[in-house]
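Visitor: Residues per chain are reported as follows:
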Amino acid sequence: MANLLTMNDLSARDIEWILDRAESIQKDKKKFRESKPILVTNLFFEPSTRTRFSFETAEKRLGFQVLNFTSETSSTTKGETLYDTVRTLEEIGTDIAVIRHKDDHYFDQLIHNNIKLNIVNAGDGSGHHPTQSLLDLLTIRQEFILFQGLTVAIIGDLRHSRVARSDAEVLTSLGCRVVFSGPKEWHNPELPGDYMPMDEAVRIADVVMMLRIQHERHQHTLDLTKEEYHQAYGLTLKRSEMMKKGSIIMHPAPVNRGVEIADELVESENSRIFKQMHNGVAIRMAVLEWALETERGEMNRGELIKEW
Amino acid sequence: MANLLTMNDLSARDIEWILDRAESIQKDKKKFRESKPILVTNLFFEPSTRTRFSFETAEKRLGFQVLNFTSETSSTTKGETLYDTVRTLEEIGTDIAVIRHKDDHYFDQLIHNNIKLNIVNAGDGSGHHPTQSLLDLLTIRQEFILFQGLTVAIIGDLRHSRVARSDAEVLTSLGCRVVFSGPKEWHNPELPGDYMPMDEAVRIADVVMMLRIQHERHQHTLDLTKEEYHQAYGLTLKRSEMMKKGSIIMHPAPVNRGVEIADELVESENSRIFKQMHNGVAIRMAVLEWALETERGEMNRGELIKEW
Amino acid sequence: MANLLTMNDLSARDIEWILDRAESIQKDKKKFRESKPILVTNLFFEPSTRTRFSFETAEKRLGFQVLNFTSETSSTTKGETLYDTVRTLEEIGTDIAVIRHKDDHYFDQLIHNNIKLNIVNAGDGSGHHPTQSLLDLLTIRQEFILFQGLTVAIIGDLRHSRVARSDAEVLTSLGCRVVFSGPKEWHNPELPGDYMPMDEAVRIADVVMMLRIQHERHQHTLDLTKEEYHQAYGLTLKRSEMMKKGSIIMHPAPVNRGVEIADELVESENSRIFKQMHNGVAIRMAVLEWALETERGEMNRGELIKEW
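From first to last, the protein sequence lines are chains A, B and C. Counting from 186, one number per residue, gives the positions in the first sequence under our numbering. Counting from 186, one number per residue, gives the positions in the second sequence under our numbering. Counting from 186, one number per residue, gives the positions in the third sequence under our numbering.
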């Protein structure tokens, strides 16, 4: 079983293998061919457009058979546990389950001897989202070639973002300096790195990574209008002019235009927001291959990430 | 980019190409083969059975890879704009987006230099529904061979029907006489052609095209029971006996049986209602091919419809 | 047309053909190849995970093209009849419709000269669920080889279960003794066989088949807590120790753990609950082949089940 639940499941060599493979997929359009048909089930317990479609496209490009499960049309209304649902999918023949769930660490209940299928985490609560981290890494590597010495500013809703944590950890491991900025109420003591005022973070960063405001996860809202938030913590046009030459803008999307980022910047010359989405398909193809090849013992995985 | 947003995007030659192609698909069951896999995304923001399944079948018959987006399970709940959703689908690799949306002319915001994928309109609000018009044309042509000189009566909910407008315009262009009938409250001054009493319309028509009452788009309902409506504006058994020899009945479906049309007439000998549905698949296969071939510049398109 | 609506549509020879075919599918992984692409539409008007995914996997393993219809995203909101929906699917090119519906005998309105496609019943109200019966049969036959002389105890919500009735009839026909146990309020006079106390039923059975409590079909609930129900009518750990050597536990799932059955028994050594799910895919592949081969007259069907 080769699960990808958090970035901690990957060794440095795994990450390199995945990023290289994703780029070779983009260049050659070559695809991997299994001798037997692979069945993938996408289990999305939360609404999603880009992550689900990006995975589904990756699966179809690889020639896999695909089942799509959304919580609206399923037996979870009959009170079945997640464990029983996943065991069922395995008995039906699922080789890989791609799962998004609103609970942090939903996968803890699935790490169980009886479950043999591969699990790829497509987002757990405010926890992890490893394929998003990997596509962010690919986007940064395509721009700067080396991670060592880069400054990445992660800005905004640090408390509820599953991207912030995964990205901060892996970027730090790869030699980046990671800094944070955002409303005090949303600071997150678990994140490694320095907090600083918005203008300073934007000024020193090679990568300005804006986070989406996770309205759906907030219990209390800030006492700010959208426009006030934008002026205080958003990437305004004026702030974008302070950015270093050669620096880039990233955002995991969907974007709240005019809130986290000025409307005009979303597709500006130094924005890589749509390139991130583009990279997502190749990354997910590479991750699905990685899961299958690791399972078959065909990968030399090196040490896991914690030992980087 | 070759979009099909309204019938005005098609030249007379385009229409002829599509109708001929649809018929040759029906005869030979031949399908077009792309060298690279084509990815189509069906974006349905309104419920639909026949249009969505007809498109999806067409796409699968053509060997395309298909993503199905319905508004219930998507990030539109996170407030993303339609433009950003479509740009995302493009970055993911979508070649053609088939879109149904409740807003008239939703596609105006998508006619944008940054969007390169092909858009096929599967219905916008009370506006257009070009593939429905094309399958109506095919059904009429299969019956009468020539359009010139035919009388087509379009009857019922003229104000809210996206079929009425598209069909009336293109049929008039092709040399048909188009007449209308229905409750005064639903008359639509934008439609070209004569209004007349129900019985007269039925008597002179070669094609009696009944429209569905668009309950879901009405803000005020007529002050009539279903039975009263049926007697006043429906195709009753008695009225059907006034129809000319050789004339046919059409309806875009879903049918409100016993309201727009008597139950017994839906599958009567001169009804073409289910044949319309049958023709829908071949028309949509032909339209998808048209979009791809036009994009590659392999079509000689002639003049657009306004110059017919 | 070869419909599978209830087990009464199958002759003894049909059942044998299906069970044998399912096993040969499991062994050889061979799949049937149609010369023309087969289009299957899954029409699920009730939520379902395992049945729908089991069918969809079977269809994809067979290389069929698949449309998935769920009531949430369809025109049934526009008031279309089931007959018209199915006729539409037929015109679109559907060869087989797999249907689940909350109404008992929904299919009566579809047994109509105008409908030519094959219908496979995936569950009607509290009525029938023939593919569930067939996978139960396969599971029992794989265990005991012969049906003759076995005692099968069906236990629990006998009134609302579509499994109880189908299974009881066919098992009796095949030479099993079927006994029942459960709350008096849920006894069902239509079921053939003896009622007995829980402990006795468990003690004499070769197969202890627990039923799911169909909360969603109950108008009045029993005056019992979950724990009280479990003690009175559930398969507790203590009761499981009374079971005969070599006997097995079955359950159609989803399981209410700790209610119908003790948590620890779900994956115990003599449980075949997940094997039932595993067998479901091969059974459904065999049923889909059966429908197509019967339609072409390539099957020698023997006498229908009532004459067994």
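If you're looking for bench data, these hints aren't it; they were derived computationally from the structure. Wrong hints could be hidden among the right ones.
Identical copies go unnamed one by one, so any copy, or any two together, can satisfy a pair.
Stated by the list, open to error - Capping the alpha-carbon separation at 35 Å, the derived lysine-lysine pairs in DSBU-like fashion look like this: (1) Lys430 x Lys287; (2) Lys460 x Lys430; (3) Lys411 x Lys212; (4) Lys369 x Lys301; (5) Lys212 x Lys245; (6) Lys460 x Lys212; (7) Lys430 x Lys221; (8) Lys430 x Lys369; (9) Lys221 x Lys411; (10) Lys369 x Lys245; (11) Lys245 x Lys221; (12) Lys411 x Lys287; (13) Lys430 x Lys245; (14) Lys460 x Lys287; (15) Lys429 x Lys245; (16) Lys429 x Lys287; (17) Lys221 x Lys460; (18) Lys423 x Lys245; (19) Lys429 x Lys221.
Visitor: Compare the structure with each hint and give your call.
Guide: Verification of the hints:
1. Lys430 x Lys287: neither (39 Å within a copy, 44 Å between copies)
2. Lys460 x Lys430: Only inside one copy: Lys460 and Lys430 sit 19 Å apart there, 61 Å across copies, limit 35 Å.
3. Lys411 x Lys212: Intra 41 Å, inter 58 Å, cutoff 35 Å: neither.
4. Lys369 x Lys301: Answer is neither; intra-copy 43 Å and inter-copy 41 Å both fail.
5. Lys212 x Lys245: Both. Shortest intra-copy (18 Å) and inter-copy (27 Å) distances satisfy the 35 Å Cα cut-off.
6. Lys460 x Lys212: within (15 Å within a copy, 44 Å between copies)
7. Lys430 x Lys221: neither (50 Å within a copy, 39 Å between copies)
8. Lys430 x Lys369: within (29 Å within a copy, 65 Å between copies)
9. Lys221 x Lys411: So Lys221 and Lys411 fail the 35 Å test inside a copy (52 Å) and across (44 Å) alike.
10. Lys369 x Lys245: Classified as neither: same-chain Cα gap 43 Å, cross-chain 52 Å, threshold 35 Å.
11. Lys245 x Lys221: Both ways: Lys245 and Lys221 sit 15 Å apart in one copy and 13 Å across, limit 35 Å.
12. Lys411 x Lys287: both (25 Å within a copy, 27 Å between copies)
13. Lys430 x Lys245: neither (39 Å within a copy, 47 Å between copies)
14. Lys460 x Lys287: For Lys460 and Lys287, both the intra-copy (27 Å) and inter-copy (30 Å) Cα distances are at most 35 Å.
15. Lys429 x Lys245: neither (40 Å within a copy, 48 Å between copies)
16. Lys429 x Lys287: The answer is neither: 37 Å in one copy and 44 Å across copies each exceed 35 Å.
17. Lys221 x Lys460: This pair counts as both: shortest intra-copy Cα distance 33 Å, inter-copy 22 Å.
18. Lys423 x Lys245: Neither way: Lys423 and Lys245 sit 43 Å apart in one copy and 49 Å across, limit 35 Å.
19. Lys429 x Lys221: Cα proximity of Lys429 and Lys221: none, with 50 Å in one copy and 40 Å across.
Checked against the numbered hints given earlier, this structure breaks hints 1, 3, 4, 7, 9, 10, 13, 15, 16, 18 and 19; the rest are met.
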